[in-house]
Amino acid sequence: MLLHTVNKSPFERNSFAQCMGHAKKGSSVLLIEDGVFAALKGAANESVVSNAIGDIGVYVLGPDLNARGMTDEDVIDGVKIVDYTGFVELAAEHDVVQSWL
Amino acid sequence: MKFGIQVNEGPYQHQAADSAYNFAKAAIDAGHEIFRIFFYHDGVNNGTRLTTPPQDDRNIVKRWSELAADHNVDLVICVAAAQRRGICDADESKRNGKDADNLAEGFRISGLGQLIEAGIESDRLLVFGD
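These protein sequences, in sequence, are chains A and B.
Residues in the first sequence are numbered consecutively from 1, following the numbering used here.
Residues in the second sequence are numbered consecutively from 1, following the numbering used here.
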């Protein structure tokens with residue numbers, strides 16, 4: 001199964017929406033860099049994330065989240081926060097890493 | 001597990017160089033191998049030893065060189081992208097009739113075949129860029 005990484009804010013580009021449109025059940029999406037804004041609770045795309053959770057594992061990179069002034073409290077329920085060690089583990093656990101740029 | 005990494009953006013311009021470094025470091029710390037890091041497009045700017053950031057800022061180029069020295073990581077700069085951007089080693093400098101070279105310690109200049117090989121030989125290939 002695939003690990004998708006998204007590094008753009010959903011308010012800047014459509015790569016997150018594209019990624020979610022392509023991600024199959026059982027795959028995972030990791031939000032890094034400005035991609036972390038897709039994990040923000042109460043934002044316009046919240047339903048896209050919350051509806052996908054269960055079928056797709058949604059993760060967010062903690063250091064990038066914190067660097068943008070957000071904490072665990074700001075993240076949509078069900079989105080898992082990982083550090084770089086967790087990023088490496090996700091990359092190893094999945095067969096392929098697809099970087100959405 | 002063997003990881004291959006591609007970096008498409010220059011240092012201090014985009015987070016890609018930092019993200020790629022942090023990933024590589026975490027992978028090595030977890031006992032994985034970094035087969036190669038391939039610097040492409042503006043990513044070749046990660047390989048100039050003339051970089052002199054302020055003392056209170058991270059030295060991205062030096063950090064790569066140290067990673068190569070400490071963990072034997074193969075840092076490869078794309079030759080075509082490097083020539084366009086004025087990144088060269090002593091051989092390339094001589095070949096193109098230039099008066100200086102600037103490739104940082106631990107980097108080497110080679111071609112796209114090295115990226116293809118990294119894709120084949122690595123278990124996973126990750127791309128960091130804009």
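I should point out that these hints are in silico values taken from the structure, not numbers from a laboratory.
Keep in mind that the hints are not guaranteed to be accurate.
As the list claims (entries may be wrong) - Simulated restraints on C-beta separations:
{"id": "1", "chain 1": "A", "residue 1": "Gly42", "chain 2": "B", "residue 2": "Glu105", "range": "44 to 52 Å"}
{"id": "2", "chain 1": "B", "residue 1": "Asp99", "chain 2": "A", "residue 2": "Glu73", "range": "33 to 41 Å"}
{"id": "3", "chain 1": "A", "residue 1": "Asn14", "chain 2": "B", "residue 2": "Arg58", "range": "26 to 34 Å"}
{"id": "4", "chain 1": "A", "residue 1": "Glu46", "chain 2": "B", "residue 2": "Asp99", "range": "29 to 37 Å"}
{"id": "5", "chain 1": "A", "residue 1": "Ala17", "chain 2": "B", "residue 2": "Gly97", "range": "45 to 53 Å"}
{"id": "6", "chain 1": "A", "residue 1": "Gly54", "chain 2": "B", "residue 2": "Gln83", "range": "18 to 26 Å"}
{"id": "7", "chain 1": "A", "residue 1": "Val96", "chain 2": "B", "residue 2": "Gly111", "range": "36 to 44 Å"}
{"id": "8", "chain 1": "B", "residue 1": "Ala69", "chain 2": "A", "residue 2": "Thr85", "range": "21 to 29 Å"}
{"id": "9", "chain 1": "A", "residue 1": "Ala44", "chain 2": "B", "residue 2": "Ala80", "range": "36 to 44 Å"}
{"id": "10", "chain 1": "B", "residue 1": "Glu33", "chain 2": "A", "residue 2": "Arg68", "range": "38 to 46 Å"}
{"id": "11", "chain 1": "A", "residue 1": "Asp72", "chain 2": "B", "residue 2": "Lys94", "range": "52 to 60 Å"}
{"id": "12", "chain 1": "A", "residue 1": "Glu89", "chain 2": "B", "residue 2": "Gly119", "range": "18 to 26 Å"}
The beta carbon of each residue, even a glycine, is placed where N, CA and C say it ideally should be.
Results of checking the hints against the structure:
1. Distance hint check: the CB atoms of A:Gly42 and B:Glu105 are about 48 Å apart, consistent with the given range 44 to 52 Å.
2. At roughly 57 Å, the beta carbons of B:Asp99 and A:Glu73 sit outside the given window of 33 to 41 Å.
3. At about 32 Å, the CB distance of A:Asn14 to B:Arg58 agrees with the hint of 26 to 34 Å.
4. Range check, A:Glu46 to B:Asp99: Cβ separation about 57 Å, and the 29 to 37 Å hint is violated.
5. At roughly 50 Å, the beta carbons of A:Ala17 and B:Gly97 sit within the given window of 45 to 53 Å.
6. Checked against the hint of 18 to 26 Å, the pair A:Gly54 and B:Gln83 fails, with Cβ atoms roughly 50 Å apart.
7. At roughly 24 Å, the beta carbons of A:Val96 and B:Gly111 sit outside the given window of 36 to 44 Å.
8. B:Ala69 and A:Thr85 have their C-beta atoms about 23 Å apart, which keeps the hinted 21 to 29 Å range intact.
9. Under the hint 36 to 44 Å, the C-beta atoms of A:Ala44 and B:Ala80, about 41 Å apart, fit the expected range.
10. Between B:Glu33 and A:Arg68 the C-beta distance comes to about 32 Å, which lies outside the given range of 38 to 46 Å.
11. The hint said 52 to 60 Å for the Cβ distance between A:Asp72 and B:Lys94, and at roughly 55 Å that hint holds.
12. Our hint of 18 to 26 Å for A:Glu89 and B:Gly119 holds, since their Cβ atoms are close to 21 Å apart.
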